[in-house]
Amino acid sequence: MTKGFIEPGWLDQHQQLSLAELAELSGLSEVEIHELTEYGVFVPEDPESRSLVYGAHCITIARTASRLRSDFELDTAGLAVTLTLLDRVRDLEARIRELEALLPGGGTVI
Amino acid sequence: MKYKDYYDALGVKRDASDAEIKAAYRKLARKFHPDVSKEKDAEAHFKEIAEAYQTLKDKEKRAAYDQLGQQQPGQDFRPPPDWQQRYGDTHFSFEDIDLADLFAGMHGAGHRRSMRVAGEDYDVPVEITLQQAFHGTDVALNLSIPEFDASGRMRRVPHTVKAHIPKGATTGQRLRVPGKGGKGLNGGRDGDLYLDITLQPHPVFRVSGHDLYMDLPLAPWEAVLGASVEVPTPAGAVRLKVPPGTRAGQQFRLSGKGLPKPHDGAGNLIAMVQIAVPDHASDKEQALYRQLAEAAVFDARKRLREEAGK
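These protein sequence lines map, in sequence, to chains A and B. Each number in the numbering used here comes from the position in the first sequence (counting from 1) with 11 added on. Each number in the numbering used here comes from the position in the second sequence (counting from 1) with 48 added on.
Each hint should be verified, as a subset may be incorrect.
[Unchecked claim] Derived pair list, reagent style EDC-like, types lysine to aspartate or glutamate, alpha-carbon separation capped at 20 Å:
hint, chain 1, residue 1, chain 2, residue 2
1, B, Lys105, A, Asp82
2, B, Lys107, A, Glu18
3, B, Lys107, B, Glu175
4, B, Lys210, A, Glu18
5, B, Lys95, A, Glu18
6, B, Lys61, B, Asp83
7, A, Lys14, B, Asp186
8, B, Lys105, A, Glu18
9, B, Lys309, A, Asp82
Hints are computed from structural coordinates only; laboratory data are not their basis.
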């Protein structure tokens, strides 16, 4: 790495965040994160623990939730449905990318 | 200052009711919201819609906007002489301010002087090559970030953020650069940058997560007799032993020869066999192929004949 260049942080399960940190970084309230956790949108590292800890990948989902909540005035239940469907779309897109990569010529039709 | 027609952006008349404005915004937001839309330029389009709605949904801001009069979109203009006294918080120049920043700053300056406000986060798309993803790379990100001046007025200031994309980044991955987004106010935290990584298409390797896929062309005799062939990988060429009787579509997995993963390990490189034939066979080659055709007992379509009618 060249001097003066910042090393960004990975947003994955190797980095962990407290509930308060996730709330501060995303703009969601702790109550909303709790509710979305109950809906299964966020999965804490140890769901039984009194102080919930989340993988840093949850920031991306939480920020999407925060934007959707303010731009569409969605309640938590509406957010949970939307986020679950978006997650399925992302999974399917990843699967399509994998299948396209498997096609000879990258899917170019001869 | 350049004029923007907020009513036109939402597709409503200038005398539209609050309910009509909200309904128009919701309809367009559903179509162009970058989190749910696949429309081309969705993000830019949504920004225009959201900017228009932020002003028109607020009674005071809408009145102030209406007082600017109707101009041609993109046209340079100045507000009427008494506009700033009626609606502005402080004295400032209209020359280098964006209409969005003007309204975003309205009747918020007082609060901003005392309240803790977190700086804005920014999502920054970063496109890198496969080689850059493999080795890691330095990028200079040119951003225009709003800052508040001493009078509380918002200004866009160009910033260059230098970041090192570590090896292991691949399409769809996000990285966070803390504190390099918008400035926080009154002790509020500075915003962050979220780098959204995309790998440019590569002429040989196709990317799926950290795995790489490639076509491996073999000459017919290499497939039949077996061969030791050179296979390119991002780390340099390796030799692969192709066994006799290799068929088209067969896959060779070169373990750990794909893209490195962020913390340890690496994806695989999957080489998929294609049987390549020459565009033009010489007279001698054609004669040899005919000789082979006559001598061969191989029936390429035996299974088709036996199973097609089942």
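Right, here's what the structure says about each hint:
1. B:Lys105 x A:Asp82: Between Lys105 of chain B and Asp82 of chain A the Cα gap is close to 13 Å, so the pair holds against 20 Å.
2. B:Lys107 x A:Glu18: violated (45 Å)
3. B:Lys107 x B:Glu175: Between Lys107 of chain B and Glu175 of chain B the Cα gap is close to 42 Å, so the pair fails against 20 Å, i.e. violated.
4. B:Lys210 x A:Glu18: holds (9 Å)
5. B:Lys95 x A:Glu18: The hint is violated at about 29 Å.
6. B:Lys61 x B:Asp83: With a Cα-Cα distance of about 28 Å, the restraint between Lys61 of chain B and Asp83 of chain B is violated, given a limit of 20 Å.
7. A:Lys14 x B:Asp186: Holds, at about 10 Å.
8. B:Lys105 x A:Glu18: violated (41 Å)
9. B:Lys309 x A:Asp82: violated (35 Å)
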